[in-house]
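*Asks:* Construct all of the structure, not just a fragment, from the sequences and the given hints.
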Amino acid sequence: MAETLRYRDDQPVDHPAVTVDAFVDQSNAQAVRIEPGDDTRELLPHLQRLALVEVNFPAFGDGRGYSSARMLREAGYEGELRAVGDVLVDQLAYMRRCGFDAFEPDQQFDMDDVKAAFERWPEVYQNAADDRTPIWTKRHP
Amino acid sequence: MYKYDQYDQAMVDARVEEFRDQARRRLEGKLTEDQFKPLRLMNGLYLQLHAYMLRVAIPYGTLNSQQMHALADIADKYDRGYGHFTTRQNIQYNWIKLEDAGDILADLAKVEMHAIQTSGNCIRNISSDHFAGATADEVVDPRPYAELLRQWSSFHPEFSYLPRKFKIAVIASDTDRAAMRLHDIGIQIVENDAGELGAAFYVGGGMGRTPMIAPCINPFVPLDRLVTYAEACLRVYNRYGRRDNKYKARIKILVHEMGAEEYTRQVEAEYAHLLEEGVEPPFAELERIRTYFEDPLFEAGAGEEIDRSDPDFAVWVDRNTVAHKETGYVSAVISLKPVGGIPGDATAEQMRLMADLAKDYSFDELRVMHTQNIVLPHVRKADLHALWTALDEAGLGSPNLDTVEDIIACPGLDYCSLANARSIPIAQRISERFAANGKTGTLGELKLKISGCINACGHHHAGHIGILGVDRKGVENYQLLLGGSEAQDASLAKITGPGFSEDGIVDAVETVTTVFERERQDGERFLDTYRRIGMNPFKEALYG
Amino acid sequence: MRLLTGNDLKTGAVTWWTGSDWSIHVEDAADVAGSEDEIARREEAARRVNSPYAVDAELQDGSPRPSHIKERVRALGPTVRPDLTLKPADPEIGNWVI
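Sequence lines, in order, name chains A, B and C. If you count the first sequence from 1, position 119 lands on 323 in the working numbering, and the numbers rise without skipping. If you count the second sequence from 1, position 396 lands on 430 in the working numbering, and the numbers rise without skipping. If you count the third sequence from 1, position 35 lands on 68 in the working numbering, and the numbers rise without skipping.
A few of these clues could be false.
Restraint ranges, calculated between C-beta atoms of paired labels, are given here [what the hints assert, rightly or not]:
#1 A/337 with B/243: 40 to 46 Å
#2 B/423 with A/335: 57 to 63 Å
#3 A/253 with B/229: 51 to 57 Å
#4 B/349 with C/93: 46 to 52 Å
#5 B/43 with C/95: 56 to 62 Å
What the hints contain is simulated information worked out from the structure, not anything from laboratory work. Please read all numbers here as calculations on a predicted model, not as lab measurements. Built from N, CA and C at the ideal position, the CB exists for glycine as well.
*Replies:* Following this line, the structure appears as structure tokens:
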């Protein structure tokens with residue numbers, strides 16, 4: 205595994221991430237790892253004790269993690285949301301928009317490519333989980 | 035038609051730079067083909083049978099003369115002098131080099147065009163009625179809604195890695211000219227009893243291996259919640275669509291396996307949640323887009339008279355012009371189906387001519403039909419003869435709209451690595467057969483569609499007569515299907531029996547039309563006769 | 034015999050392994066039986082070819098002819114546009130493909 209990229213000011217959580225099933229059962233767990241087939245909404249009653257959510261991307265083409273992330277942010281989750289696994293630099297901008305603020309890719313990123321990825325889009329069309337103003341809001345202030 | 039503002043332009047320009055960077059990293063070896071493939075597909079770039087193929091988006095099939103000229107220039111500069119108009123209102127170039135692709139996208143961006151999301155597991159080009167804005171039977175022009183959805187779906191951060199491709203069609207009339215019910219999401223803008231406009235959502239249609247007609251999951255979504263409802267539909271699909279089997283990954287399978295009722299329940303729940311999240315654009319945005327789709331300045335009191343003394347012209351008027359909402363106007367269809375020609379192909383020269391004719395005769399607007407012809411939507415009747423003369427000279431004047439010669443054919447094994455059999459030669463031979471036997475006119479409306487493989491890009495399931503090319507032990511073989519319809523009376527064609535050779539299928543098509551001529555009653559179309567008498571008379575004639 | 038084929042990364046042109054290089058002409062293709070995976074891996078890693086794979090072929094008049102019609106269309110060009118194929122002037126080419 206390569207270096208983790210993190211875009212948060214707080215301290216990283218040191219707890220091991222357990223499965224969704226285990227997390228729901230263990231009242232002292234603070235970190236969970238969501239697999240593509242998990243139902244993220246099972247976590248919603250427990251958000252206040254969650255400090256780290258890892259979303260696993262076993263294959264970058266499996267886009268379920270994007271919905272998981274966005275739904276967590278919609279529910280008010282403010283802890284670390286980390287994309288792990290087969291994450292390519294070309295997915296970073298969309299992942300950020302879905303609420304991810306940390307990335308732990310299988311293969312090390314080229315940091316020049318990361319910078320380019322985050323600076324790529326001068327505007328965005330849609331409302332998402334980030335705080336960027338959509339084009340249609342800018343058109344009608 | 036819609037014009038980009040600085041925001042739209044900034045987005046396509048950024049996309050060009052992103053793709054240039056991705057192509058550079060691929061050529062340098064920083065990206066493997068497996069990593070690059072989904073990225074290039076999201077820019078419409080396939081690695082196809084002969085070379086890279088680029089699919090350029092023509093949003094809801096609408097373009098102007100400047101854009102058509104640009105498409106012609108691209109054909110000459112980067113390809114081999116022609117392009118192919120597709121069954122989703124797009125255009126394809128077959129001989130593209132990866133090292134040119136960035137420049138092509140930059141040339142397109144200069145004329146407000148792109149190849150964004152014309153392939154890949156994302157939301158594709160949104161199609162619409164090719165007579166939108168011209169037909170009298172629409173409740174409103176559907177294209178502003180298609181444009182709103184185009185912007186919403188472009189670079190959507192949550193829905194760019196779906197289980198599979200996602201195709202949306204938007205219409206606004208009871209007559210379905212966009213095969214709306216055979217899309218992943220089909221939307222019909224409707225008017226309720228109170229005179230309010232809303233969107234009827236049909237979800238889970240499609241062709242391919244398992245053709246299905248979409249059920250209506252909500253008959254009336256208020257228009258100021260259109261995007262929110264679409265988002266809910268997509269989220270349920272992204273979360274629960276199958277990812278274990280590429281051939282079971284479309285939303286039609288999810289709706290079918292879950293049941294339309296359960297799928298609807300989940301969408302409605304997600305919709306209720308998303309209404310709290312503010313994903314809908316301000317309604318003023320739709321109103322802003324609508325201003326681009328107002329009627330052109332029609333000439334008041336334009337003449338209704340057409341001089342029909344030229345018999346060839348008269349046939350073309352009867353077959354290839356369609357009634358318009360405005361007195362003295364028609365929509366004119368330019369046939370890309372010359373007898374013996376390649377359906378949907380146009381040379382750069384032909385594109386330039388069509389562009390200039392649109393400028394002269396149709397308020398600078400053209401439409402691409404999903405049946406692979408081109409429409410000039412607003413033509414004065416007084417101009418028709420001049421228009422037809424120019425078209426006829428250029429080989430674009432075939433008077434065969436919706437006849438047996440107006441064949442829809444995918445590129446097939448001549449161009450496509452997915453194909454099992456060639457489709458274009460079959461189309462050529464069939465049109466030649468009927469031009470020779472002189473029956474095109476008498477047979478009337480006859481929608482014949484040919485696919486070179488089960489992926490059904492030729493929409494053969496929706497043909498009155500459909501042909502499916504298969505590989506039978508390395509030899510091309512053709513199955514014949516009858517009774518499909520892509521209109522509001524949607525039905526899926528049924529196979530007649532054992533398949534035919536290349537020669538055999540042409541004879542078989544002629545045979546079934548002979549049965550039709552024998553059995554037809556009272557001005558029936560082929561489809562009507564088939565529905566009345568059933569498959570057996572055709573089977574008997576084919577197989578004895 | 035087995036032929037190794039793929040596409041040129043930059044141009045997309047269909048190419049065939051000759052034994053030492055990649056050619057757009059299937060007549061130049063060499064029999065790679067036994068070493069197809071090794072050659073494919075090496076050549077793709079060096080980016081001298083994109084997405085290579087091996088296909089069956091027979092010798093016909095001393096020249097390799099792919100066994101499957103799809104590969105023959107790939108080798109030549111679209112049957113409906115002889116002018117765009119590698120052998121626009123050859124009247125027999127339709128028979129070679131089909």
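*Asks:* With 46 to 52 Å as the target window, see if residue 349 of chain B and residue 93 of chain C comply at their CB atoms.
*Replies:* At roughly 49 Å between Cβ atoms, residue 93 of chain C and residue 349 of chain B fall inside 46 to 52 Å, so the hint holds.
*Asks:* Is 40 to 46 Å right for how far apart the beta carbons of residue 337 of chain A and residue 243 of chain B are?
*Replies:* Because 43 Å falls inside the window, the suggested range holds.
*Asks:* Does the hinted range 56 to 62 Å hold for residue 43 of chain B and residue 95 of chain C at CB?
*Replies:* Holds, at about 58 Å.
*Asks:* A range of 51 to 57 Å was offered for this pair. Does it hold for the Cβ distance of residue 253 of chain A and residue 229 of chain B?
*Replies:* 52 Å, holds
*Asks:* In this structure, is the beta-carbon distance linking residue 423 of chain B and residue 335 of chain A contained in 57 to 63 Å?
*Replies:* 59 Å, holds
This entry satisfies every hint, going by the numbered hints stated previously.
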